[in-house]
Amino acid sequence: MAIQTNTGTDIKEAFIRAFAPEAPNGQPIAPAVKESAAAALQALQFPHKKNEAWKYTPVQPLVSKAYIPAEATEPEDISPFLIPELEADVLVYINGKFSSAHSQIQHNKQLCIESLRQLSSQGKAVVEAHFGKLLNKDDIFAALNTAYAKDGTLVYVPKGTVAAAPIHIIQLTLPGQAACSLQHRNLFVVEPLAEAKVVESFYSLSTVPSLRNAGTEIFVGENAGLEYVKLQLEQHTASQIDHTEVSQARHSRFSIFTITLNGDTVRNDLQIHLDGTETETHLMGIYLLSGKQHVDNYTQILHKQPHCYSNELYKGIVADQATAAFSGKIHVFQQAQKTNAFQSNRNILLSKSANAYTRPQLEIYADDVKCSHGATTGKLEEDAMFYLRSRGIPEKQARKMLIHAFAGEVVEQISLEAVRTYLESLIASRYE
Amino acid sequence: MAEEKLLEAISEDEKIIQEVTGQKYKYGFVTDIESDKAPKGLNEDIIRMISAKKQEPEFMLEYRLRAFKHWQKMKEPNWAHVQYPPIDFQDIHYYAAPKQKPQLNSLDEVDPELLKTFEKLGIPLQEQKMLAGVAVDAVVDSVSIKTTYKEKLAEKGIIFCSFSEALQEHPELVRKYMGTVVPHTDNFYAALNAAVFTDGSFVYIPEGVRCPMELSTYFRINEQNTGQFERTLIVAEAGSYVSYPEGCTAPQRDENQLHAAVVELVAMDNAEIKYSTVQNWYPGDPETGKGGIYNFVTKRGICKGRNSKISWTQVETGSAITWKYPSVILKGDNSEGEFYSVAVTNGRQQADTGTKMIHIGKNTRSVIISKGISAGKSQNSYRGLVRMMKGAENARNFSQCDSMLIGNQCGAHTFPYIEVGNPTAKVEHEATTSKIGEDQIFYCNQRGIDTEKAVGLIVNGYCREVLNQLPMEFAVEAQKLLSISLEGSVG
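Those protein sequences? They're chains A and B, same order as listed. Under our numbering, read the first sequence as residues 25 to 456, first letter to last. Under our numbering, read the second sequence as residues 12 to 502, first letter to last.
Incorrect hints may have been included.
To be verified - Computed footprint of chain A on chain B, listed as stretches where at least three residues anywhere in the stretch have a Cβ under 8 Å from a Cβ of chain A: (1) 217–225; (2) 413–419; (3) 425–432.
It should be emphasised that the hints constitute simulated quantities derived from the structure, not laboratory data. Don't be surprised by glycine CBs; every beta carbon is placed ideally from N, CA and C.
Model the full assembly from the supplied sequences, consistent with the hints where possible.
This is the structure:
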C-alpha cells in the first residue's frame, strides 16, 4: 500500500490535525494547560537538521506522511504481550486507548493507577497539580502531546507507600488501513518516602507505518524511589517520538531503562532535573538495531543542586544499514558543588553500512565536581571471539554470547527478575 | 641524590613562577610606527586596493573577489559557546602596513622602533638568531619585514618567505595549493580571510628534504583598530619533514581586535609536518573582559599522501575569545594525525577550541589530547569531531579531554562529536572534569610552597603530556605563560 505524503507549507497543519482531531477544550484534564499548549503550538516549528538537538535525525520524512488517527479496536487475546512470571498490575492500551476489559489492577490497592480518561476525584486532583508542569513547552512534539493527548496512565503513589507489585503498562498498536498516528501521556507521581516500579512495553502488529508521539512526566518526591523500564519492541514500521521529563526531590532515587530492540525511527528525549540535593539517578539504555532502523537517544541531566550523583550508561549494537545516535549532556549548575556525574556510551558496529553517532557532552559551571564521560565505537572484540572459537564454540553461538555479555551490563541492573529474564531471551533471539 | 634533583626541579619551577608572578601583561605596549592604512570598511574597492598594493597576480584578485562575494552571503556563526558584542565588519581597517621601505640589506636599515619591539618580544633576530638557530619571518601587522636564514634554507631548496613574496616569486605553487585545504567557502571567517588577507608565511619543502631548523614566525598586532588577517600555507613534498613553531603576543589596548587567520598544511607521501603554537594575545581586562583579542582561526591540514603525518600542538593562554579547531583530514592510507592542546582561560576569557579528525584512508590513526584549565570567570570548551568515513578500514582514534576548574565562577565544557561509519574502525573517547587537587596543594603548602606557586606547579604537571610535544625553547616559554595566565586565580 502506498503511503501518502504531505508536501509544502501545510505539513505542520496536516500533522497537527492527524494528532489532534478534537479541540483541546472540553477535555476532562487540565483544560487551561492544554489550551495554552495548543496556543503555543501555533508558533512552534518542526526541528530541522540545523537544530543541534536533531542533527542526526531527519524529521521531514517522519512528519510529512499523511497520518490518520488510529482506530480503537479490541484484540481477542493480549497474553502474548504479558511478561512471563511478572506479577504486576497490568494496564492495556490499544491504539492509544485504555482497554478496561484487558487491564487488571488488583495488587496495588493503596495506589491510584488510572487511565487519564477515567480519573477518580483523587486522580483528578493529582493531575491538576502536576500535569504540564514539567514537559518541555518549546518542543513542538511535546507541546502537541500536552495539548491533544487524550489518554494515558496516571500512577500516583501516596506518601510512605511502597507499591505491592510492579505496574506494567502495555501499549499495543493494531493494524490500520493507513499510516496511523498515536499519542499517549503518562504522569507518575511518587510522594515522599514512597516507592514503585513501572514497566512500559510497546508492541505493534501493524504493517503500515505508524507514529507514536509519547509524553511522560515523572515527579519523584523526597526520599522516594522509582524504577521505570521502557521496552520498545515494535515492528519495523512503527516510529516513535518520546519525551520523558523527570523531576527529583531531595534524597530521591530514580532509575530509567530505555531498551529499544525494534522499531523504525525512534527518538527518545529524556530530561532529568535534579531539583533536590543528594539524589541518585541511573540512566541506562540498550539499543539493538538492524535493517534500516534509526534510533536517537537524546538525554540531558541537569544537576541543579549540590551532592547529587548520576550515572549514565547506553550500549548499542548496530547492524545492516541501521543508524544509532546518542547525545548525553551533563549540565552542572554553579551551585551544584560536590556533584558526581558519570556517563558512558558504547557502540558496536556489525556491518559496513551501519552508522553510529555519539555526542557525550559536559557543561560544567561548578568547580568541586567529579564528572567524566567516555565513548567507544568499534566491532565485536576480536580476541574474545577468538578465545571462544578456540574452545570449539561455533561463530554464531560465540557471537550470541558476546552480545549477551555486552547487553548484560545494563540488563543485570534491572531489579525485576522476570523482566530481566524476558529481556535476555529477546536479546538472545535478536540477531538470528 | 633524588631529593636534590627534586629540589632543583622545584627551584627551577619556582624561578619561573617567581619571574612571572606579580607582573601585569608583560607584552602590553604599543610601538609607535607610522603606518600606511586603508580606510575603514570593506568593499570590492578595498580588496582591489589591497591586491594592487601588493602587486598581486590577476588570479589572486579574482580569488579574493570570489571569496568576498561568498562572504557577503554568509552569516556569522553563533554555535560556539562564547559571547561577545556583535562585530561591525565595516568598522575595521583591512590593510595597514608599516612604513613602506625599499629592500633592506642589513638590520641597520630597519626602523629602530621596530627593532625595539622585537627586542622586547625576545625575537632572536640579531645575536640571538645565531644562538637559537631559528629562521624568523617576523610579521609586524601585515607586511613581512625581515627574513633570515634564507640562504641556508635555499641551499636545500626550501622556500620560506612571506605570502606576498611567494605570490611574486612562486605564483604557480601558491595557485596550486592555496584554498585546497580551506576553501574560501569553508566558513565565515575563512571567507573573510580569503577576501582580505594581507600577508602570512609560505613554506615549501621539496621532496626528501628534512628541514634542518625550526621555521618560526612571530606575529604581532601593532596597529590600533586593525584586523589581522594572516594566511599561512605549508606544503611538504614526499618524504620531507618540517617543524613550524608559531608564537604571538600583542599590545594592550581598549578596543577589541579581530584576528581571523587561515593556516593550510599539505603533507604528501611519507611527509611530516609539525605545527606548534603558543598563543598569548592580550586577553582583555581581567575584571571586565574589555579590550581582548578575538581569535577566530581556521587551521586545517591534509595528509594527502600515504604514511604522512600532521601534528598540531597548541598552548592557548591569551585572547578574549578563542575560536579555533586545528584539524586533520587523513586521506592517505596509513596517515597519522595528532592534536595536543592546552587551553588556559582566566579572568573573563572564553575559549571554544578543539579539533576535527576526518578519517578517509585505510589504517589511519589519530590522537587527541586536550587539557583545559579554567579559572576566574572564564569559560573553556573543548569541541571536537572524529569522523570515520566508510573507507576508513582499521582506522583508530583515541581522544582524551581533561578539564580542570580553579574557582567556582568558571565553566569547563566538553562537546565531542563521534561519527563512525566503518565497523573495523575503533574510536575511544574519554573526558574528565575535576577541580585542582586539594591534597596536592596541601602537599606543596606543607613543604613551604605557597598556594599560587603550587597551582603553577600542578598545572604544569597536568599539561606535561602536551608541553612535551613542543620544541625545546617553546616549552620553556609555554611553562611561563601557563603560570602568568593563572596568576591571581587562587586565594
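Here's how the hints hold up against the structure:
Look at the segment 217–225 of chain B against chain A: 0 of its residues bring a Cβ nearer than 8 Å to a Cβ of that chain, fewer than three, so the hint is violated. Counting residues of the segment 413–419 of chain B whose C-beta lies closer than 8 Å to any C-beta of chain A gives 5; at least three are required, and the coverage claim holds. For a cut-off of 8 Å, the count of residues in the segment 425–432 of chain B with a CB near a CB of chain A stands at 8, and the three-residue condition holds.
Figure legend: structure checked against the earlier numbered hints; the only hint not met is number 1.
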